[in-house]
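J.: Read off the chains here:
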Amino acid sequence: MRYRAPPPEALLTADLDAFAAVFHRPSGITHLLASPAREILAALVDAPLDLDGVLAALSDRFDIADASRAALAARLDELVGVGLVEAA
Amino acid sequence: MRHVFCVRIGPIGFRVGSDWRAPIDALSDLYRYYPAPNLPDFTVRLEATRPWRRWIRPSIAIAGDYTLPEAAPLPLAQGLLAAEMAMNLQLALGGRRYLLLHASCVERDGQAVLMTGESGAGKSTLATLLAAKGWRFMGDEFALIDPDTGLVHAFPRLISLKNAGIAAALAARPDARFGPLLKDTPKGDIRHMVPDALSVGAMDEPARPALLLYPHYGAASETRGVPASESFVRLTQASTNYVAMGEAGFGALARLVRETPAHAIDYPDGAAAVAQVEALWRTR
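Residue numbers (our numbering), protein chains in the order written: chain P, 1 to 88; chain A, 89 to 372.
Please keep in mind that the hints were generated in silico from the structure rather than gathered at the bench. Keep in mind it's a predicted model, so treat the numbers as computed, not measured. Errors might be hidden in some of the hints.
Here are the in silico distance ranges between beta carbons for each label pair [said to hold, decoys possible]:
# : chain 1 : residue 1 : chain 2 : residue 2 : range
1 : A       : GLU206    : P       : GLU9      : 36 to 44 Å
2 : P       : ALA34     : A       : THR237    : 29 to 37 Å
3 : P       : GLU9      : A       : ALA307    : 40 to 48 Å
4 : P       : PRO48     : A       : GLU335    : 23 to 31 Å
5 : A       : GLU347    : P       : ARG4      : 33 to 41 Å
6 : A       : GLY306    : P       : VAL80     : 39 to 47 Å
Here's a subset of chain P near chain A, in silico, CB distances under 7 Å, partners left out [said to hold, decoys possible]:
# : residue
7 : ALA14
8 : PHE19
9 : ALA21
All C-beta atoms, glycine included, are put in the ideal place defined by N, C-alpha and C.
My request is simple: use the sequences and hints to build the entire structure.
T.: This is the structure in structure tokens:
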């Protein structure tokens, strides 16, 4: 399964503190995201990735040596559930 | 409509029509120093629930451009309350020019303090007490945020005092004009107070938001900082048109919470709250 983020122009993002407010233009819904949801979205901006690809991208950019595949899969499922990430 | 009254409150114009003269007379008296709108933004109708209810146990149904199907009719004696509720409802459901925050607001030196909280938190009372201390009263129901400028516009409608707030306002402003005491309304005892002349005269002047406060009545004095993300969530809940405003609402709210320091205030009485607000104002 590959995960795809919306194109950058579909999202308005306001960094607040530990959270970012994200306005999803196609749905008009506002989301409040904490780490690692923001980083996952950023990793998926360039191209769709599968679970291993997301894990690799996040490991490249951030220190997440102890990240488990299951935890990452759960976060991706949440993002798919709220409509911010598409799974295909 | 048999009887009509038009008024502009801040940037919002209303046309109120009524089957009865009494509510229109009360509005005309209490809003006597307010201007008339060039063109009303919203129309409110106070109608008899049935034709014969104009005379027999007169009962007011709230109607207008926007209505809530579950809104209960009110007796004619509470006509002023019906009119005020109907005007608020039109703005809450129909307002699109401004991001509407359910908040009271006072101003000093071009900078505004916005206070929001659930019903009973003391928004109206606190704004009234601060106005008695020389702050300009900008409104006790809605703060209007302009998405283009980030400025807050005043909506100084009649101040709706409830229960214990009535005595507190009378003590603070014995010289103010008040409407009739409306007893046993669905919201308890209510009495409307006319904002002071300075507030009405300056109502076209917007202000820069400088402090966001979340007052909570009934606890020992305590103040704590509120992070921007928590403010964002609280204010989406305090807005009646955040969703309807779409992108413009998101931009206005994100800017407001990023640029404006926010604090939660617990307070045991009005005097303590005023002291807490003024202390925060000095160190903002």
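J.: Would you mind marking each hint as holding or not holding in the structure?
T.: Hints, one by one, checked against the model:
1. A:GLU206 - P:GLU9: 36 to 44 Å: Given about 38 Å between the Cβ atoms, the range holds.
2. P:ALA34 - A:THR237: 29 to 37 Å: holds (31 Å)
3. P:GLU9 - A:ALA307: 40 to 48 Å: Holds, since P:GLU9 and A:ALA307 (Cβ atoms, about 46 Å apart) stay within the stated range.
4. P:PRO48 - A:GLU335: 23 to 31 Å: Check passed, 26 Å falls within 23 to 31 Å.
5. A:GLU347 - P:ARG4: 33 to 41 Å: holds (34 Å)
6. A:GLY306 - P:VAL80: 39 to 47 Å: holds (44 Å)
7. ALA14: At about 4 Å, which falls below the 7 Å cut-off, the nearest Cβ of chain A leaves the hint on P:ALA14 intact, so it holds.
8. PHE19: holds (4 Å)
9. ALA21: Holds: closest Cβ of chain A sits about 6 Å from P:ALA21, inside 7 Å.
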